[in-house]
Amino acid sequence: MTELVQTLVLGLLVGGIYALAASGLTLIFGVMRVINIAHGAFLILGAFIAYTVWNQLGLDPLVGVLITTPIVFGLGWLIYRLLVRPIRHAPMSSTVLLTFGLALVTEGVMGLVWGNNSTAIRPSYVDQSFHPGDIFLPKAQVYGGLLAVVVLLALWLILTKTWLGRAIRAAAANPASAELVGIKVTSVSAVVFGLGVAAAGAGGAITGVLYPFVPGSHYVWIARLLAIVVLGGLGSLEGAVLSALVFGVAETVTAVYFSPAWATAVPYAIVFAVLLIRPQGLMGTRLRDDAVAA
Amino acid sequence: MAHVSIRRCWKAVALAGAVSLGLCACGGGGSSDSGNDLTIGASLPLTGDFSEPGSAAKQGYEVWQAMTNDNGGLLGKQVKLEIKDDASNQNTIVSDYNALISQDNVDLLLGTFSSLLNLPASAVAEKNRMLYVEPAGGSPDMFNRGYKYLFFAQQATADKQGLVFADWVKNLPPDQRPKTAAYPTLDDPFASPNVDGIREVLESAGIKTVYKTTYAIDTKNFDSIVAAMKSANPDLVVHGATFEDGVGVTRAMLKSGWTPKMFYETSTPSFADQYVKAIGEDNTEGVMYAVSYSPEADTPGNKEFVAQYEKMFGSAIPPEDAADAYAAAQVMQAAVEAVGSIDDQLALADWLRGHEVDTILGPLSWDDTGAPEGEFLIGQWLNGTAEIVLPPEVATAKAEVGWHPGS
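Same order as they appear, the protein sequences are chains G and C.
Letter by letter, the first sequence follows residues 1 to 294 in the working numbering.
Letter by letter, the second sequence follows residues 295 to 701 in the working numbering.
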């Protein structure tokens, strides 16, 4: 029983961090129909900036999110204005190729600035755990998970309780009608792109504490995050959170009760199984033209 | 925000998936003019998962190039390097070596890093009948294909690299000898045979295996593996790792509050400064590992190599991977100088099969398959310094029993 509790808790902690990392990807798709292949690269960029903040200023990397996030938000906003906006109405494949190029450029720039050696962030608590009863809760995972909850909550509050959130939802549901009622969809999209990239940056600060990284680490992340947002339902923030928790728990349970060799494969099998039953994902919505296509 | 046509989504996701795969398949290009230069081609993982050893290997090749050119070149010609980035991708490396041979018309090849990448790259070299000396790639699978042009420029293949350590453990006094052991390993053609080689010796010596597992290369979460090891509570953990996973497992053990009495890990502890930064100097005490190179080694040319490395890259401690790459180039150079021509590269290979070559790693010799016939060194972190502890005749310090993290 202790082993099961330990396994589930570790899975949920990892899942919470996956949720934060995936939230920006699904948010950007939800509003702009842009699949941001550079999302994993922005995650690693967030990790490198968090490393610099920790290394140069001595600031805890999780507290350093207060510095990391605005920087990455500004970068996202700028990228949208300069690169994404001009091809906003081009076919979706154009934005996929654009963000693919962005991922390569970001990786190259990170290699130039920070080098290709492995980088690790080691705050004082990185090797410590809480020990309630017979289980252990790694402090870095707990703090990272709590920070992920705070950031996701803030994102949810912005989306549901603010004028900006209403504008974002309106722009996502019907951009033309949103323009008619005075919402500047382009400005809203720039903010959303910035928010999405900022969420990746915040996720990067946390994952940078948990795992060592190199500029090329984004390959592993983008594959995993794409699977998470597809399982959750493309564009659904709640779906991405639920899916990320399923992913984290599935990985951990598989590693403990079956084999670590299958730990990264089983979550993808779950994605296949769910999509066979619900092609729109766990919390995605099926539209009329999908029914016609079927 | 979830009102999206599934049909459109799938098209986009399919494209995104294809692009994600494409991310891993981008290679460099370029061409070289031969002139009076001798062009030597290699593709290295300068980006992607193996960027760390790949970058170090590039440094090793560059140091060799500088020193060779300073000494008059090779066959009287200045040496020019043509190095591509394979992005740690098995498909890209095949394209890269094909391009080096057919487009860049390089005169000679040098190998890349990791068995994973050397397996396909060496096949391209073999098909084109070009000598292929690799600085890494010790998987036994490399040498059971009947290749004639392939040579591994380290002391032993992966399955034999931990044998010196295994023999040492086997012969420890009963009160110090571990009774149980765990063997987690990355699913990797280098790491797995390394661990299996040690396990076979220790099992035959009566040391009981209480945990054994293999995990995939993209595993990030090691807490569950460590939780399982903690339940099994082995005296010794032998971990087959590269770098990030080695750090991940070590950190997970520290976080869990459980650590084994003895800890051996492949590759990761040999990354010197980066290893110390990743797990903390006070957690390194007593960790053991197999290693091919020591900066303090009294081998021919080693002092000059260390001095040149420091001059070019600012550190007096060259990484093991840089030294391995330098040694691979030394092996190729020895064959070329002995034969006196590069026209018949089978002659270069035949010469290597029949001769021993002095390198900064020590003397290297090979069997008919190109597998080396030597013995690896065993390193141990003691008082914050990476020491060579086995075999005793080349040791810089005495091997100590036990891992003492936090000391």
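The hints are simulated quantities; they were obtained by calculation from the structure and are not laboratory data.
In this text the structure is predicted, and so the values were computed from the model without any measurement.
Check each hint, because a few of them may be wrong.
To be verified - Result set (DMTMM-like, lysine to aspartate or glutamate): computed pairs, CA atoms no more than 20 Å apart in a straight line:
id : chain 1 : residue 1 : chain 2 : residue 2
1  : C       : Lys514    : C       : Asp461
2  : C       : Lys374    : C       : Asp398
3  : C       : Lys571    : G       : Glu238
4  : C       : Lys506    : G       : Glu3
>> Checking one constraint from the list: CA of Lys514/C to CA of Asp461/C, max 20 Å. Satisfied?
In response: Violated, because 32 Å separates the two Cα atoms, which is more than 20 Å.
>> Does Glu238/G sit within 20 Å of Lys571/C, going by the straight-line distance between their CA atoms?
In response: This hinted pair is violated, its Cα atoms lying about 38 Å apart.
> Is Lys506/C within 20 Å of Glu3/G, Cα to Cα?
Replying inline: 18 Å, holds
> Would the pair Lys374/C and Asp398/C pass a check requiring their Cα atoms to be no farther apart than 20 Å?
Replying inline: Measuring from Cα to Cα gives roughly 12 Å; hence the hint holds.
Violated hints for the displayed structure, listed by number in ascending order: 1 and 3.
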